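S.K.: Spelled out from the first residue to the last, the chains are:
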Amino acid sequence: MVDQGNHSAPEIVLESVTKRFRKGAVAVKDISLTIDRGEFVTFLGPSGCGKSTLLKLVSGLSPVSEGSISVDGKTPEDARSLVSFIFQDATLLPWRTVEQNVGLGMELEHAARHARKERVAKMLDLVGLSHVAKSYPRELSGGMKMRASIARALVSRPRILLMDEPFAALDEMTRDRLNEELLRLYSEQKWTVLFVTHSVAEAVFLSTRVVILAAHPGRVAHEINIDLPWPRTAETRESKHYEEQVTQASRLLRGVYQP
Amino acid sequence: MKKRWLVLNSIGLFACLIGTWASFLAFARIPAYILPGPIAVAQALYNRYPSLLDSLWITASEAAGGLAASILVGVAIAMLFAQWRGLRQLLFPYTILLQTVPIVAIAPLIINWVGPGIFAVTVVTFIICLAPIIANTTQGLISVDQNLVHLFLMYKATPAQILFRLRLPNALPNLFTGIRISAGISVIGGLTGELFAGSTRVGEGGLGYAIIYANNQMETAYLFALVLAATALGFSFFFIVMFMEWLALRNWHESSRPQEAE
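Those protein sequence lines, which keep their order, are chains A and B.
For the first sequence, our numbering assigns the number 9 to the initial residue and increments by one for each residue that follows.
For the second sequence, our numbering assigns the number 28 to the initial residue and increments by one for each residue that follows.
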């Protein structure tokens, strides 16, 4: 059960964040958001609304032009050890086996070999990939690659997950199943998650809050609290309440597409 | 089945070519010093194989030495280019210069500088092998998926870790493309070098030197045998590199994925 009542501890705070690219285009303009510990916040919006840019800013991979971001009270760069980034592509290194890919972070930190092996095996077990530990990425299906990518992100025991359209390239059934597994892990691990997607249904199913962004420049248009009961399972998608929230979010999103 | 047909076809084609060559000579009256027949070439090959093997060995070691040096130096330069964009932009035009410089023109110059002999020829080979290695490896080092770089940055990877664990393995297929090109021209480099500085003693030297010598002596059949040996040398270099490439990339790279059964 995720405790939605206790949003007293802000984890990620964006204050009037503006990002301008070198050529002058404004990616996001004057965005202020407070994301509490344990929230699952999804960004929805048309292309060009700066969804992915927001994740890059929070991870410190890209600096803000104006305003400020704090993550656990620190700058995004200093907070990196708390954060794992999951990209749209699985971004596995093709020359490494699955277990070598999953252990990459610990290897770069020179973690002890046996500790690494143990942790990697545990994470592979968690995402159901133990049987392909020695396989190379090209031997895996799209869904399996994404699981490996998630296992890799979880190895470092992150407190914050940044997920940039992680399931966009997968077929719907695989995506639904990975959504359910993600929520199961989320309930256990109590991460704070920032998630980017194009799918309203996915956003509603996963989130505690959906933030709808408008484009040119990227800005917050609406925020919807999702109060679907926990735990959420495949049955949740059949409930009336879920349908209502998807309809509500779709309607707001449509407004953003046609200003 | 398909594979066996391919082998049979190849052998058949080869036999046809030899047969055409022999029968053409039987009808046309061409003196042997202009165009020797296949049997004369085979005889020259058989009778003089000790000296032919000596020449082959010399050229092979020059070509292999120059190629190996070009790989070491080329990869090192490519790594510098990948780390410093400014350096790359400043110096990359010179690698193109390296590729376009006529090797025939500078070979005598190099021999003037380092003195005739095996070392001079190795240097000539090194120079013509260098550009493809630098160009291809640099390309592989810098064309890394930006998200992979971001991933490494999220892990607080050092620049050295990014270079050795991300960029270098990523460049391996490109490096092998470069080596394949250079392996082919390394033999040409060796031969060209030897035309100018093949030997310090009469009668001894690599294939290039032996080719000139045989030509001067009008030993055309032996000349043909030498040309065959040089071709075979280039061929085997190429296949050795292909094999090493397969060994290095077979597990993960698309180019070495076995083709679908038909």
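Since the hints were made in silico from the structure, they are not lab data.
Nothing here was measured: the structure is a model prediction, and the numbers come from that model.
Every residue, glycine too, gets a C-beta built ideally from N, C-alpha and C.
You may find that some hints are simply not true.
What the hints assert, rightly or not - In silico PhoX-like links for lysine-lysine, alpha-carbon gap of 20 Å or less: (1) 183/B with 64/A; (2) 130/A with 142/A; (3) 183/B with 82/A.
Stated by the list, open to error - So, partial list: chain A residues that the calculated Cβ filter (under 8 Å) puts toward chain B: (4) 116; (5) 141; (6) 144; (7) 146; (8) 233.
S.K.: Hint by hint, note whether the structure agrees.
M.R.: To see whether the hints hold, each was checked on the structure:
1. 183/B with 64/A: holds (15 Å)
2. 130/A with 142/A: holds (15 Å)
3. 183/B with 82/A: The hint holds at about 16 Å.
4. 116: holds (5 Å)
5. 141: With Cβ-Cβ at 14 Å, over 8 Å, it is violated.
6. 144: Constraint on residue 144/A satisfied, holds at 5 Å.
7. 146: Residue 146/A check passes; min Cβ-Cβ to chain B is 6 Å, inside 8 Å.
8. 233: violated (30 Å)
Of the numbered hints stated above, those contradicted by the structure are hints 5 and 8, listed in ascending order.
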